[in-house]
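Asks: Protein sequence lines correspond, in order, to chains A and B. Residues 0 to 339 in numbering that gives the first Met the number 0 are what the first sequence lists, from first letter to last. Residues 0 to 502 in numbering that gives the first Met the number 0 are what the second sequence lists, from first letter to last.
I should point out that these hints are in silico values taken from the structure, not numbers from a laboratory. Where is the CB? At the ideal position from N, CA and C, for every residue including glycine. Be aware that a few hints might be false.
[Unchecked claim] Straight-line C-alpha distance at most 20 Å; calculated SDA-like pairs for lysine to any residue: (1) B:343 - B:391; (2) B:218 - B:238; (3) B:343 - A:219; (4) B:343 - A:140; (5) B:218 - B:323; (6) A:319 - A:36; (7) A:319 - A:331; (8) A:319 - A:39; (9) B:218 - B:201; (10) A:319 - A:256; (11) B:309 - A:36; (12) B:218 - B:12; (13) B:343 - A:44; (14) B:309 - A:140; (15) B:343 - B:169; (16) B:309 - B:299; (17) B:309 - A:223; (18) B:309 - A:219; (19) B:309 - A:139; (20) B:343 - B:278; (21) B:309 - B:275; (22) A:319 - A:140; (23) B:218 - B:390; (24) B:309 - A:282; (25) B:343 - B:320; (26) B:309 - A:285; (27) B:309 - B:278; (28) B:343 - A:220; (29) B:218 - B:25; (30) B:343 - A:138; (31) B:309 - A:138; (32) B:343 - B:399; (33) B:309 - B:320.
[What the hints assert, rightly or not] Which residues of chain B face chain A? A partial, calculated answer using Cβ under 10 Å: (34) 97; (35) 141; (36) 145; (37) 148; (38) 250; (39) 307; (40) 344.
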Amino acid sequence: MSEDTATAPRSAPPTPRASGVTTFLASAPGRNTGLVVALVLLCVVGVATAGDRFADLDNVLTILRLASVIGVVSVGMTFVVTGGGIDLSVGAIVALSSVWATTLATQGMANNSHWVVIVFTALAVGAGCGVVNGVLIAYGRIVAFIATLAMLAAARGLAEIISNRRTQIVNVPGFTAFFDASVLGVPVLVLMFAVVAAAGWVLLNRTTFGRRTFAVGGNPEAARLAGIDVRRHTVMLYTLLGVLCGIAAVMLIARTTTGSSTHGYLYELDAIAAVVIGGTLLSGGRGTIAGTVFGVLIFTTLSNVFTLNNLSISAQAVAKGAIIVVAVLLQQRLARRSTA
Amino acid sequence: MTTATAPLLSVRGLVKRFPGVTALAGVDFEVRAGEVHCLLGQNGAGKSTLIKVLAGAHRPDEGEIRSNGEVVTFANPTAAIHAGVATIYQELDLVPGLPVSDNVFLGHELSAAGFTRRAETRRRTRALLNRLGHSDIPADRDVGQLSAARQQVVSMARALSRDARLLILDEPSAVLDQDEVRTLFRVIRELTAQGVAVVYISHRLEEIREIGDRVTVLKDGRTVATGLDAREVSTAELIRLMTGREARNVYPPRRPLPADAPEALVVRGLALDHGPEIDLTVRSGEVVGLAGLVGAGRSEILEAVYGARKPSAGTVQVDGRPLRRGSVGAAVRAGVGLCPEERKSQGLLLDQAVYRNITVSSLPLFARLGFLDESAERARSAALTSTLDVRPSDVDRIVRTLSGGNQQKVVLARWLLRGCRVLLLDEPTRGVDVGARGEIYQLVRDLAERGVAVVVVSSDIDEVLGLADRVLVVREGRVVHEGPADEIDEARVLDLVMEGTAA
């Protein structure tokens, strides 16, 4: 863009420096600081309006438990979006995994089968859906938006057919006990989210796979000509997200002790919103797991504060919309400053 | 052609600062009606910024712009267009999918009561194309189907439709072959005869001599000379002004190839879309050039060798082993590297750091169980950037902010790191300034001396002849001549290339 401007001095400084605060906010740690500030502000509002009901430990754990499920999906979404794609079918995949796994548990599975079968079924169904998405996009050359829109409709429909639109109660011995437990006061679900987020961060920032994800998302043609198998990598990205949807389904089954074709409703919107306000570029090539985690926490905390104040779901939706717009406007402004 | 009347546009003491960088540090020049004013300067001299200021895309911090003697400020690109200044960028801003006529009148559509006047739009478009001497371009054709040269004409027609009196052409010849450049020059002459002024930016000195009236040289954001006579001023003088050093022999000397140099790349019967078959053999340490017009199929041949394009017939062997057809991965693993024609869109991850662009093809080298050792990546990249003299040397710098020559060095560093056996260079010096060109030529020679087999494709015939040991002249996908580079001259190549193109 501005070839000439930046190379004029031969002994150029590493990066152009603008004035203090805006420069800091535009840097990688600075962006996250902005998100932390937003989260803290939300908490202040929570304490101010709902007092002890908000600041209660149980309430905080509830927020974290709710954040865990969508958080796991959002981490996967971060990979797909960074790799230049989008997946609208995550909610439907969660529903299909949930229904398939619980149907197996209540019907096909005798009492002597282990609950691990539920887990494996959910992961396998998620992975399968992800592979189908990835192959359609990478080898079938269908635009990601359309391919995953088709998966959204089909997977949710299949989930309804399998479950006959009935909610399956899960009382497999050991399953609920395992996922409902806490370790040192931290619920297992929250720990799972923490592990997924940490592993996701390492995978994106420290491995060959992550580096190739940035390359594929940043400039697929250049990545291809540099010798990266872009199509295979794309399939892997959607498969990874599918597996994480399977994990989210398991967590959802455990939290609600049910399997249902209504699980994961509108998760695609929540996940994409969290990813975008976290600072991942929708056009690909730039992504941040930490930002996504903050994005998820901000949305979940917002819902909680609204619920505690007896505000409707509809009011929450309006607030979410406003936050997305403000966050993206702010990021664009900061990004422009950092590259000017 | 030039007259002594008040200048159409004059610029005094223009300064433009960006955070941390002063892009323009005092630019003065003036453009008279009916003249072709050439802007010269290396990449990084401030040409792009100056154009953006004149086009209203950037606002200057200091200095004044006068149009017909009146001080003007261009708050935005529309204001500049209204003042009669139209800029035609290297990346043409046409909308593919829309017909020529709609592109010409984009943004100021002819309409009546909100309905577009399609017949009138086409009629006026035809008149404009006529004025540009291109009545052969159909006004209702999809712009995306036109050649780069014709798209440029459409862009100029758009400028004229806005009553532009000053046209800024940013490296218009970069995407054109010699025939098309001649047509472009004819169009420019017709426009200047009608009183339109042209600011012409190019790296090619011979073009400036042919089309230019006066020359302004920029260096480090400053005007170092202005109003030079384009035909009188010597090349040595211009190069001295641009670089601060004397012009030297640009091409490094060739070394005789050892008689036992093995054949590194062997291409047999390679055909695209069942077209003519190509045979090509490059020995280890040899530089082979492919010369020909744009569109003669040179880039396509390279892409087929590299596996980026699936040939309809033929085999490619590297060090005696056949490559799987149509697989870039197989080619890269066998030690083939490509520096693609479109560096920015095909070669680089523009928004990522230099070191990441260098290591992207060699990640397994730095990975243990899939985990990358970034400090090793940075260290190896830094060693390469200092060998290649990439400026600035910071490997964490975002590639987008480098000049064309330094970007090309980054792509070369990528293949140096991989230690490739065969290097395919497609237009290696496009958009690269004179000084950096010499460095890239030297680099290619060094690589050959280390035993790399190099294939160079270029529209610049002089470059192919100067750089290569052996030359293949390509016309319409067919090799029409093959021989040592020092036994053929530019005129003979041109002759071979042009022959039969009319048929």
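Asks: Each hint should be assessed against the structure and marked as holding or not.
Replies: Structure-based check of each hint:
Taking the CA atoms of residue 343 of chain B and residue 391 of chain B, the gap is about 18 Å. The hint holds against a cut of 20 Å. Of the pairs offered as hints, the one joining residue 218 of chain B and residue 238 of chain B holds, with about 11 Å between alpha carbons and a cut-off of 20 Å not exceeded. Restraint check for residue 343 of chain B and residue 219 of chain A: satisfied, since their Cα atoms lie roughly 12 Å apart, inside the 20 Å limit. Between residue 343 of chain B and residue 140 of chain A the alpha-carbon distance is near 24 Å, which puts this suggested pair outside the 20 Å criterion.
Between residue 218 of chain B and residue 323 of chain B, the direct Cα distance comes to roughly 49 Å. Violation of the 20 Å bound is thereby established for this hinted pair. Proposed proximity of residue 319 of chain A and residue 36 of chain A is supported: the alpha carbons are some 17 Å apart, at most 20 Å. Of the pairs offered as hints, the one joining residue 319 of chain A and residue 331 of chain A holds, with about 18 Å between alpha carbons and a cut-off of 20 Å not exceeded. For the hint linking residue 319 of chain A to residue 39 of chain A, the alpha-carbon distance of about 17 Å falls within 20 Å, and the restraint holds.
With a C-alpha separation of about 15 Å, the suggested pair residue 218 of chain B and residue 201 of chain B falls inside the 20 Å cut-off, and the hint holds. A threshold of 20 Å between alpha carbons decides the hint, and for residue 319 of chain A with residue 256 of chain A the separation of about 28 Å lies outside it, so the pair is violated. Distance check on the hinted pair: residue 309 of chain B and residue 36 of chain A sit about 53 Å apart at the alpha-carbon level, beyond 20 Å; violated. Restraint check: the Cα-Cα separation between residue 218 of chain B and residue 12 of chain B comes to about 14 Å, which is no more than 20 Å; the hinted pair holds.
For the hint linking residue 343 of chain B to residue 44 of chain A, the alpha-carbon distance of about 47 Å lies beyond 20 Å, and the restraint is violated. In summary, the hint linking residue 309 of chain B to residue 140 of chain A is supported, as the alpha carbons are separated by about 17 Å, within the 20 Å threshold. Proximity of residue 343 of chain B to residue 169 of chain B is assessed by CA-CA distance (about 17 Å); at most 20 Å being required, the pair is judged to hold. Restraint check: the Cα-Cα separation between residue 309 of chain B and residue 299 of chain B comes to about 10 Å, which is no more than 20 Å; the hinted pair holds.
In summary, the hint linking residue 309 of chain B to residue 223 of chain A is supported, as the alpha carbons are separated by about 14 Å, within the 20 Å threshold. Taking the CA atoms of residue 309 of chain B and residue 219 of chain A, the gap is about 18 Å. The hint holds against a cut of 20 Å. Restraint check: the Cα-Cα separation between residue 309 of chain B and residue 139 of chain A comes to about 18 Å, which is no more than 20 Å; the hinted pair holds. The straight-line distance between the Cα atoms of residue 343 of chain B and residue 278 of chain B is roughly 30 Å, outside the 20 Å bound, and the hint therefore fails.
In summary, the hint linking residue 309 of chain B to residue 275 of chain B is supported, as the alpha carbons are separated by about 15 Å, within the 20 Å threshold. Under the criterion of a C-alpha separation no larger than 20 Å, the hint pairing residue 319 of chain A with residue 140 of chain A is inconsistent with the structure, at around 33 Å. For the given pair, residue 218 of chain B sits about 16 Å from residue 390 of chain B by alpha-carbon distance, which is consistent with the 20 Å threshold. Under the criterion of a C-alpha separation no larger than 20 Å, the hint pairing residue 309 of chain B with residue 282 of chain A is inconsistent with the structure, at around 29 Å.
For the proposed pair residue 343 of chain B and residue 320 of chain B, the alpha carbon gap of about 32 Å is over 20 Å, so the pair is violated. Among the hinted pairs, residue 309 of chain B with residue 285 of chain A is inconsistent with the structure: their alpha-carbon atoms are about 31 Å apart, more than 20 Å. A hinted pair counts as satisfied when its Cα atoms are at most 20 Å apart, and residue 309 of chain B with residue 278 of chain B qualifies at roughly 16 Å. For the hint pairing residue 343 of chain B with residue 220 of chain A, the CA-to-CA distance comes to about 10 Å; that is within 20 Å, so the pair holds.
The straight-line distance between the Cα atoms of residue 218 of chain B and residue 25 of chain B is roughly 10 Å, inside the 20 Å bound, and the hint therefore holds. Of the supplied pair hints, the one linking residue 343 of chain B and residue 138 of chain A is violated, its CA atoms being roughly 25 Å apart against a limit of 20 Å. As the CA atoms of residue 309 of chain B and residue 138 of chain A are separated by approximately 16 Å, the hinted pair is consistent with the 20 Å bound. Among the hinted pairs, residue 343 of chain B with residue 399 of chain B is consistent with the structure: their alpha-carbon atoms are about 8 Å apart, no more than 20 Å.
Straight-line distance between C-alpha atoms of residue 309 of chain B and residue 320 of chain B comes to about 18 Å, which keeps the hinted pair within the 20 Å bound. For residue 97 of chain B, the suggested interface contact is broken, since its CB lies about 21 Å from the closest CB of chain A, more than 10 Å. For residue 141 of chain B, the shortest C-beta to C-beta distance to chain A is roughly 21 Å, which exceeds 10 Å, and the interface hint is violated. The restraint placing residue 145 of chain B at the interface with chain A is violated, with a minimum CB-CB distance near 22 Å, outside the 10 Å limit.
A least Cβ separation of about 23 Å between residue 148 of chain B and chain A goes past the 10 Å threshold, and the interface hint is therefore violated. Because the smallest distance between the Cβ of residue 250 of chain B and any Cβ of chain A comes to about 25 Å, over 10 Å, the interface hint for this residue is violated. Interface hint status for residue 307 of chain B: upheld, as the beta-carbon distance to the closest one in chain A is roughly 6 Å, under 10 Å. For residue 344 of chain B, the interface hint holds, since its Cβ comes within 10 Å of a Cβ in chain A; the closest pair sits about 6 Å apart.
Checked against the numbered hints listed earlier, the structure breaks hints 4, 5, 10, 11, 13, 20, 22, 24, 25, 26, 30, 34, 35, 36, 37 and 38; every other hint is satisfied.
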